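Student: Line by line, the protein sequences give chains Z and A. Under the working numbering, the residues of the first sequence are numbered 1 to 179, in order. Under the working numbering, the residues of the second sequence are numbered 1001 to 1356, in order.
It is possible that some hints are incorrect.
[Said to hold, decoys possible] Computed footprint of chain A on chain Z, listed as stretches where at least three residues anywhere in the stretch have a Cβ under 8 Å from a Cβ of chain A:
| id | segment |
| --- | --- |
| 1 | 17 to 29 |
| 2 | 61 to 71 |
[Stated by the list, open to error] Distance ranges between label pairs, derived from CB positions:
| id | chain 1 | residue 1 | chain 2 | residue 2 | range |
| --- | --- | --- | --- | --- | --- |
| 3 | Z | Lys86 | A | Gly1299 | 29 to 39 Å |
| 4 | Z | Phe66 | A | Arg1126 | 50 to 60 Å |
| 5 | Z | Lys75 | A | Met1333 | 52 to 62 Å |
| 6 | Z | Leu162 | A | Arg1205 | 57 to 67 Å |
| 7 | Z | Lys75 | A | Val1095 | 52 to 62 Å |
| 8 | Z | Phe66 | A | Glu1319 | 39 to 49 Å |
| 9 | Z | Asp106 | A | Asp1132 | 58 to 68 Å |
| 10 | A | Ser1349 | Z | Ile121 | 57 to 67 Å |
Source of the hints: derived by calculation from the structure; they are not laboratory data. Owing to the predicted nature of the structure, the values given are computational and were not obtained by experimental measurement. Glycine residues also receive a C-beta, built at the ideal position from the N, C-alpha and C atoms.
Here's the letter readout for the chains.
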Amino acid sequence: MMDKVIIAGFGGQGVMFLGKVMTYAGMGSNLELCWIPSYGPEMRGGTANCSVILSDEEIYSPVIDFADAAIVLNKPAYEKFAPRVKPGGVLVVNSSLAQLENPREDITIIEIPATDMANEIGNTSIANMVCLGALLPHLKLIDLPKVEKAMDELVAKRRPELLDTNLLAINKGIAYKKS
Amino acid sequence: MEKVLLKGNEIIGEAAIRSGCKLFFGYPITPSTEVVEYLSKHLPKQGGTVLQAEDEIGAINMCYGAACTGSRVMTASSSPGVSLKQEGISYSAAVGLPMVIVNVNRCGPGLGGLGPAQSDYFQSTRGGGHGDYRTIVLAPSKAQELYDYTMLAFDLADKYRNPVLLLTDGFLGQTMEPIVLKERPEAPVVDRDWIVDGCKGRKKRVLASYSLTNEIGEANNLKWEAKYKDIQEKEQHWEEFHTEDAEYLLVSYGTTGRICKSTVLNARAKGIKLGLIRPITLWPFPVKAFAPHMDKVKGIVTVELNTGQMIEDVKLTVECKMPVYLYRRQGGMLPTENEILDFVENKFSLSGSEEV
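Next comes chain Z alone, as it looks inside the complex (with noise of 0.2 Å):
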């Protein structure tokens, strides 16, 4: 069984850090796991990226061409990995960021106005959490307790005073109901 995650958006709206609580996340369940970040010049400005792998076997080939979920957080995301998701697998968009015209009907596509929903809670840079919520169900490999520890992990020790609020807008987006 596997999770082959692609995660997209701009330099700063915490792509990276998605990935790696996504990648803590499989941790402690033995797992195999991998976490590739596109690094050098994309990360300044232009398309951050990175993936992530969630496997109960050996991860021979690490490369990705055809996904089995994405999180794209602003439109050129959504444009440029789109077609990269398999036919039956789940892409969410933050709609706040990305308005789409013709989406693809061969995949389940969850929009969620994840920039908005974090404005709402007062921190406009955890839209990448409630993406993460909103994709958490779809996930074979880990669930809401698992990234808990993760967050436990990666923000309680280093910026405590950001629990809550990680993990609310986890919350929220694994609740969120397209009204």
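Chain A: place on chain Z using the hints.
Tutor: Same frame as chain Z, now just chain A:
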């Protein structure tokens, strides 16, 4: 056993510390920087020293000096930086100095780019600098091997009194994977009666590579040659993947070696008898791996991130007994498992018996 999540470059640093490396000299360069970053944070806590040299040439010559005193020492860089180190590596090989040199290969030539490449295969396996010498070259393909082979690199360097190159790439360096921090097996006892650490009460030793007469020069060359032959005999390492009944073989190392395993599994699911030989030592090249397959394999594809470098060693090994083709990506791009399989199918006019 303890499992941790680290970036490839950090894993090299951790393994070096656990190998008893006490000195690191380097000059940061992307995509290898996390090696020096990690070590500068953690090595001093273990009583070691990390020094950022004025440049790569300074760093390799500091390694030379440290190795002369019998200290376990390492440097790390990426392609353009490793080019700068070549003079020092040549001198170290001539004097017989154990040291570990990490090359996190980025694409080139020139300043190149930051993406993964295998463009330094020739430089790594043919000595790299001037003079007729060789360095042992280890090619990890995943996080755990970065850890294991770094430890092996230190041991081989000591065992043969020779520089050892750990050849990785920008992809392996930046990717984060869990590893088991295995306890190090007992380090082999090595002969240190050649080091220069003060000669009070014993005969003076000289570590120098200059030969005053041609006769001495030839004697030195023969001595090095004998050592390289010994290494070629004893230290060929490789991994085989579904080769038992293979009719076609992929040959690939490092990141692409790992991708090729997925290609093999996809091919097998289609009824194509494909196997993989993944060289672990690039020098000595694992010639022995090919012997059992010479009569039954119909063709070989090398998969590389360059214009075709290792393919020369494969062709020399199989002596034209079968066709050898190259599939490559360059400039920082990686192939997917499926594009490799498409190439194999087209090249050998294969069509799978069943679709996956």
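Student: Checking each numbered hint in turn, tell me which of them this model violates, lowest number first.
Tutor: Checked against the structure, the hints that fail are numbers 4, 5, while the rest are satisfied.
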